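A.B. asks: Chains A and B, in that order, give the protein sequences. Numbered per my numbering, the first sequence finishes at 421, counting up by one with no gaps. Numbered per my numbering, the second sequence finishes at 355, counting up by one with no gaps.
Honestly, I wouldn't trust all of these hints.
[Stated by the list, open to error] If the Cβ cut is set under 7 Å, some of the chain A residues that face chain B in the computed set are:
id : residue
1  : Lys316
2  : Gln317
3  : Ile388
4  : Lys402
[Stated by the list, open to error] Pairs of lysine to any residue, SDA-like flavour, derived with a Cα cap of 25 Å:
id : chain 1 : residue 1 : chain 2 : residue 2
5  : B       : Lys116    : A       : Leu315
6  : A       : Lys316    : B       : Met205
7  : A       : Lys411    : B       : Asn151
8  : A       : Lys327    : A       : Thr369
9  : A       : Lys378    : B       : Leu105
10 : A       : Lys404    : A       : Gly339
11 : A       : Lys402    : B       : Ser155
12 : A       : Lys404    : B       : Phe355
13 : B       : Lys116    : A       : Lys378
14 : A       : Lys402    : B       : Gln142
15 : A       : Lys381    : A       : Gly418
16 : A       : Lys411    : B       : Lys341
17 : B       : Lys116    : A       : Leu400
18 : A       : Lys404    : B       : Lys341
19 : A       : Lys381    : B       : Asp129
20 : B       : Lys131    : B       : Ser112
21 : A       : Lys404    : B       : Asp129
22 : A       : Lys411    : A       : Asn398
23 : A       : Lys411    : B       : Asp129
24 : B       : Lys116    : A       : Lys381
25 : A       : Lys411    : B       : Leu105
The hints are simulated quantities; they were obtained by calculation from the structure and are not laboratory data. Quantities reported herein were computed from a predicted structural model and do not represent experimental measurements. Note that beta-carbon positions come from the ideal geometry of N, C-alpha and C, so glycine has one too.
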Amino acid sequence: MDLKQIIKRIDDVHKRNRITEILLLIGTSLLFACGITCFVMAIVKQEYAWGMPPVVTTALLYFPFKEVKELRRKNIALATAPMLINTLPKSKAAEEISKLLENLFGDHE
Amino acid sequence: MKTYLEIMNKGNDRTRLVLEQLLSLLYKEQAQEAPAANLSDLKDQSYLMGQDNQLLGKLSPGNDNDSILNKHGPYGSPYSLTSIFNRHSPYGSQYGAFSVNNPNCSTPPRLFIQGKMTGHVTVNHRLHHQIPTKTFFFLLEYEPELLLNNELSDDPTDLPAIVGDSYLLADDGQYLGKLTRNRNDSESVLNKTGPYGNPYSPTSIFNKFSEYGNGFSRLSPFNPYSKTPPRIFIDGELYGYLTENRITPIGRKISPRRLKEWVSGRF
């Protein structure tokens with residue numbers, strides 16, 4: 313396996329991560345839209361029980377946002393890696409990628 | 089807290105895998121580009137050398153690229169093929185031909201201190217001049233000066249005392265595990281899957297068929313007549329004995345049946 317193949321693989325993983333990120337954002341938007349709809353209903357119908365679902369959906373937004381944040385961090389790392397290889401000497405690039413891995417996933421177990 | 093994707097991928101994160109592959113490849117290329125270790129270049133230096141003449145790192149400060157202590161360098165990184173810390177490399181794998189962790193390896197790495205060969209870093213007890221891997225890692229982490237000054241102890245079991253650990257030690261010098269309430273610590277006597285807490289491990293006092301756990305062995309804490317039961321060390325100091333024998337030896341005694349409760353409560 314050579315460097316080109318790995319960089320191609322990085323591109324694939326990057327694309328997959330982007331797709332996952334978009335799907336997560338669509339899901340998050342839907343969840344948010346549901347919450348807003350319920351909130352509007354509460355005001356329009358003057359039935360304040362409709363106010364509860366937005367609280368729940370807004371609280372649930374925490375999880376997709378967390379996933380998106382994590383994915384973006386990974387995507388930045390993936391986008392940076394090929395650049396590091398092209399611009400730095402191999403030993404320095406390896407050191408920087410090793411630090412990237414440590415920052416993203418913690419110490420090696 | 090783990091994210092949903094991490095749980096779904098069961099630790100096989102694609103990003104992680106691809107970055108690890110990349111890193112491993114970079115280290116491999118680095119090793120190929122580097123000239124074969126020339127002994128004259130390493131004269132009077134302290135270093136670890138594989139028996140295939142692959143340099144496995146110098147005993148130098150951690151910011152040196154060739155240092156075994158530089159965890160981002162080719163000899164200290166857990167992703168590098170030339171690192172003894174890589175559990176999948178020929179020098180760190182349990183099955184590696186030149187590995188420090190292979191108990192059957194007859195060609196483990198050699199440690200040179202100031203140009204002189206000091207011993208083989210290996211878990212293979214049958215080799216002469218053995219420096220146990222655990223001892224070597226202990227010294228690297230806590231007392232690198234001892235290594236560099238060639239002050240290796242003849243008795244590797246006194247190493248936990250150097251770093252002030254709490255542990256059990258059999259009368260024949262066999263380390264019997266760390267006294268910690270952390271059940272995930274691989275060395276803990278409370279870790280049921282570790283070498284010192286597992287009821288099937290030969291070095292566990294909980295193995296009823298092992299020398300250190302059966303009711304008749306002189307080294308076992310469960311033998312009520314043993315005069316040489318395991319010793320308990322707390323913060324590197326002798327605290328007492330782990331034994332069912334209420335009479336001898338003289339000193340503080342802890343019953344092995346109460347050990348788990350005692351460790352959980354005290355540490």
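A.B. asks: Hint by hint, note whether the structure agrees.
C.D. replies: Comparing the hints with the structure gives:
Checking Lys316 (chain A) against chain B: minimum C-beta separation of about 11 Å lies over 7 Å; hint violated. The closest approach between the C-beta of Gln317 (chain A) and any C-beta of chain B is roughly 9 Å, which is over the 7 Å cut-off, so the hint fails. At its closest, the beta carbon of Ile388 (chain A) sits 10 Å from a beta carbon of chain B; the interface hint therefore is violated under the 7 Å criterion. Among the interface hints, the one on Lys402 (chain A) holds; its C-beta lies about 5 Å from the nearest C-beta in chain B, closer than the 7 Å criterion.
Note on Lys116 (chain B) and Leu315 (chain A): the hinted pairing holds, with a Cα-Cα distance of about 11 Å set against a maximum of 25 Å. Using a Cα cut-off of 25 Å, the hinted pair Lys316 (chain A) and Met205 (chain B) is violated, with the two alpha carbons roughly 41 Å apart. Restraint check for Lys411 (chain A) and Asn151 (chain B): the C-alpha separation of about 14 Å stays at or below 25 Å, so the hint holds. At most 25 Å may separate the alpha-carbon atoms for a hinted pair to count; Lys327 (chain A) and Thr369 (chain A) exceed this at roughly 29 Å.
Note on Lys378 (chain A) and Leu105 (chain B): the hinted pairing holds, with a Cα-Cα distance of about 21 Å set against a maximum of 25 Å. A C-alpha spacing of about 40 Å is found between Lys404 (chain A) and Gly339 (chain A), which places the hinted pair above 25 Å, so the restraint is violated. Between Lys402 (chain A) and Ser155 (chain B), the direct Cα distance comes to roughly 16 Å. Compliance with the 25 Å bound is thereby established for this hinted pair. Pair hint Lys404 (chain A) plus Phe355 (chain B) does not hold up; C-alpha atoms about 42 Å apart against a cutoff of 25 Å.
Between Lys116 (chain B) and Lys378 (chain A) the CA atoms are separated by roughly 35 Å; this puts the pair beyond 25 Å, and the hint is violated. Using a Cα cut-off of 25 Å, the hinted pair Lys402 (chain A) and Gln142 (chain B) holds, with the two alpha carbons roughly 19 Å apart. With a C-alpha separation of about 16 Å, the suggested pairing of Lys381 (chain A) with Gly418 (chain A) holds against the 25 Å cut-off. For the hint linking Lys411 (chain A) to Lys341 (chain B), the alpha-carbon distance of about 48 Å lies beyond 25 Å, and the restraint is violated.
For the suggested pair Lys116 (chain B) and Leu400 (chain A), the alpha carbons sit about 16 Å apart, so the restraint of at most 25 Å is met. Taking the CA atoms of Lys404 (chain A) and Lys341 (chain B), the gap is near 55 Å; set against the 25 Å cutoff, the hint is violated. In summary, the hint linking Lys381 (chain A) to Asp129 (chain B) is not supported, as the alpha carbons are separated by about 49 Å, beyond the 25 Å threshold. Of the supplied pair hints, the one linking Lys131 (chain B) and Ser112 (chain B) is violated, its CA atoms being roughly 29 Å apart against a limit of 25 Å.
At most 25 Å may separate the alpha-carbon atoms for a hinted pair to count; Lys404 (chain A) and Asp129 (chain B) meet this at roughly 23 Å. Annotation: proposed proximity of Lys411 (chain A) to Asn398 (chain A) holds, straight-line Cα distance about 17 Å (limit 25 Å). The straight-line distance between the Cα atoms of Lys411 (chain A) and Asp129 (chain B) is roughly 30 Å, outside the 25 Å bound, and the hint therefore fails. Under the criterion of a C-alpha separation no larger than 25 Å, the hint pairing Lys116 (chain B) with Lys381 (chain A) is inconsistent with the structure, at around 32 Å.
Restraint check for Lys411 (chain A) and Leu105 (chain B): the C-alpha separation of about 15 Å stays at or below 25 Å, so the hint holds.
Figure legend: structure checked against the earlier numbered hints; hints not met, in rising order: 1, 2, 3, 6, 8, 10, 12, 13, 16, 18, 19, 20, 23, 24.
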